[in-house]
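Asks: The lines below spell out each chain.
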Amino acid sequence: MKLTGAQALIKSLEMEGVDVMFGLPGGCILPAYDPLLDSTIRHILVRHEQGAGHMAEGYAHVTGRPGVAMVTSGPAATNLVTPLCDAYMDSIPVVAITGQVPRAAIGTDAFQECDTVGITRPVTKHNELVMDPDDIPRIIREAFHIATTGRPGPVLVDVPKDVLTSEMDWYWPDAVDLPGYRPTLKGHPRMIKEAAALIAASRRPVIYAGGGILKARAAEALRALADLTGIPVVTTLMARGAFPDSHPLCLGMPGMHGNFTAVTAMQHADLLIALGTRFDDRVTGRVGTFAPDAKVIHVDVDPAELGKVRRPDVPIVGDCRQVIEELVAAVRDAGAQADRTEWIATLRRWQAEYPLEYETADEGGPLKPQMVIEALRDACPPDTILASGVGQHQMWASQYWRFDHPYTWVNSGGLGTMGFAVPAAIGAKVGRPDRTVWAVDGDGCFQMTAQELATASSERIPVKIAILNNAYLGMVRQWQEMFYDERYSEVYLSPDLPDYVKWAEAMGCVALRVESPEEVAPAIEKANQVDDRPVVVEFRTDSSEKVFPMVPAGASNDDVITAPGVTPARDLPHGTRA
Amino acid sequence: MSHHTLTVLVENKSGVLARVSGLFSRRGYNIESLAVAPTDDERFSRITIVVDAETAPIEQITKQLFKLISVVKISELEPSAAVERELLLATVRADPQTRSQVIELVGVFEGKIIDVGSDALTVMLAGQPTKLDDFEDLLRPFGITDIQRTGRVALPRLERNTPRLRSVKGKVG
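In order, the protein sequences belong to chains Y and D.
Position 320, counted from 1, in the first sequence is what the numbering used here calls 341; the numbers after and before it change by one each time, with no gaps.
Position 93, counted from 1, in the second sequence is what the numbering used here calls 114; the numbers after and before it change by one each time, with no gaps.
Isolated chain Y (complex conformation) (with noise of 0.2 Å):
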């Protein structure tokens, strides 16, 4: 059967099961756009190609298929540059089609000409260019096993606009053949052996779990260990719902803006079980006073990460599930665990003595933002998926959400790529219609974004924005405020500037602003009412409130600060817990 490329590539796409992709055309991608046009793929036109790019990383986080976008050449190849580039830090599935100038202007400055597979290489997993129409189906085949497997990851494919109009024998293979790329997914089990000992003899274990276990839909296997051995779990910013929130053994986040309990209990430990984490410098604080008393198992799918920040005194390379699958049973087989009463009991008592907690407002003071994505998720179905910007307002929501189902949360972890909440949300919407998608956003990232609201209420995906808009580039003015003597410098967007319930309705949303607490359950009530369009919700939130616990960038975690002033930590002696 003849087909042209641009026919081959629509229904290559097809083969691979994609059911929807985000784009937006231009010269070199239009012959692409013609046979989409007869295809069973829908594809939803975004206003900036950035957008196209967040939106397939949405659909992908919560349906664990690989978002697909599709842009034009030069600008628009650039333009996804930034979402590349996030996909790659959270190592989400992801494949990106570009279009090309013409196999013989390649070289020679032509217009929208730019050496995409150039740019991209050092933030996708792979790319490739592809210059004979023969070998779409392959590179697509290809792309997507590298995207969804091992490690997943961005990879981009760029096709030259003579390609997509040549004609080609339509084939389509019935495997793929990449001599370099093998992932190790079973554990190695003389090492899954050695693991089982070291936590069946650890008295102060945590479980570190990261992003991967997401990936590798690992949730059920992780909270088999956890009950087997009772140890407890933090969950990183990408793991946040992995390990619920509501179980007796979850302390929550740890980090840079963890809780005192998870932050500290790393640090006492004398066992750290990490399963697909990267030891993060937000997660570690200064690397050489991170958990200095812990034995390291570390599991990962990419053996690069191991002994990459931290070496591990068992690792073990695999697909967390497998592996921890493996794991719970050479546990079971390992015996008796030690007795960690007295460790489960510090830990209750932490938890006891330094929750997380907020001043509440004044009377007639402005509203805490805190205190709103509280009455959010109170008022939101538990299953609702959460979507945030990077910022404040990323971090109130990872500390007060209660996150007990695994993909509820879509988030940009290692880039922190601001402007992400809007087009993610509207991804995270398409991949999961039955779900509630509330994005909670700052002003500052708003601005960035925004316009893909317009993209949501013509294809009516009813996502629910909130912004917390205290008129500040909120995280900045905290860093100034605390560690550049309060010399504010740039970092003030104002309230009113834009008016954002008008710049809302103009893009056909329906739009409230919220200024004194009465207001925040009822607007939260009618945001969840409206189904048929997006809704923006304007909270006017305290400008000085700032993010705490803190650990000071480049600080041990030993000096976290729980509000200002308080460091508890400093005064526990090291390994004399149990």
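Careful, some of the hints might be misleading.
[To be verified] Straight-line alpha carbon distances no greater than 27 Å define the calculated DSS-like cross-link-like pairs of lysine-lysine that follow:
1. 329/Y / 207/Y
2. 32/Y / 94/D
3. 207/Y / 94/D
4. 94/D / 34/D
5. 329/Y / 152/D
6. 316/Y / 329/Y
7. 523/Y / 547/Y
8. 214/Y / 329/Y
9. 316/Y / 214/Y
Hint data in this document are derived by calculation from the structure and do not stem from the laboratory.
Because the structure is a prediction, the values reported are computed rather than measured.
Chain Y is fixed; fit chain D onto it per the hints.
Replies: Relative to chain Y, chain D alone:
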């Protein structure tokens, strides 16, 4: 200075060298020398990379290299367990007064004279990199007008009854 030699078998496709060299620059590893050549199997090329082991642990470098889809196999050659060779071409000033000394020097090093001009010679030497360094030092007083070195290539030393290549753990776990 300590160095490691990696021989990296890669798919013979465009852009693979850029992937490898880009990885080194992005992660802050220093390349001391790099040589690329086709193998007897046309699907693959071999890149011989000498890395400065002080810029990063060699284990991390090889693991990151393994993540490139186009990298098929990596072997690390311990300096003591490998034979390394490099090729040097140099054009040296050699007027009638100094010509015989240059020729003598080339003879001592068992190099070759491959081109002759009225007041210059182009000479060639293949050998261990340190030998090339010595040769270059001794040529310099005569006046080197042009010099090219290839970067080293290496193969494991043949040792009976022991594994010839120390396979770097990575994809195989």
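Asks: Are the hints correct? Go through all of them and say.
Replies: Checked hints:
no. : hint          : in the structure
1   : 329/Y / 207/Y : holds (21 Å)
2   : 32/Y / 94/D   : violated (34 Å)
3   : 207/Y / 94/D  : holds (20 Å)
4   : 94/D / 34/D   : holds (15 Å)
5   : 329/Y / 152/D : violated (36 Å)
6   : 316/Y / 329/Y : holds (16 Å)
7   : 523/Y / 547/Y : holds (18 Å)
8   : 214/Y / 329/Y : holds (23 Å)
9   : 316/Y / 214/Y : holds (15 Å)
Checked against the numbered hints above, the structure breaks hints 2, 5 and satisfies the rest.
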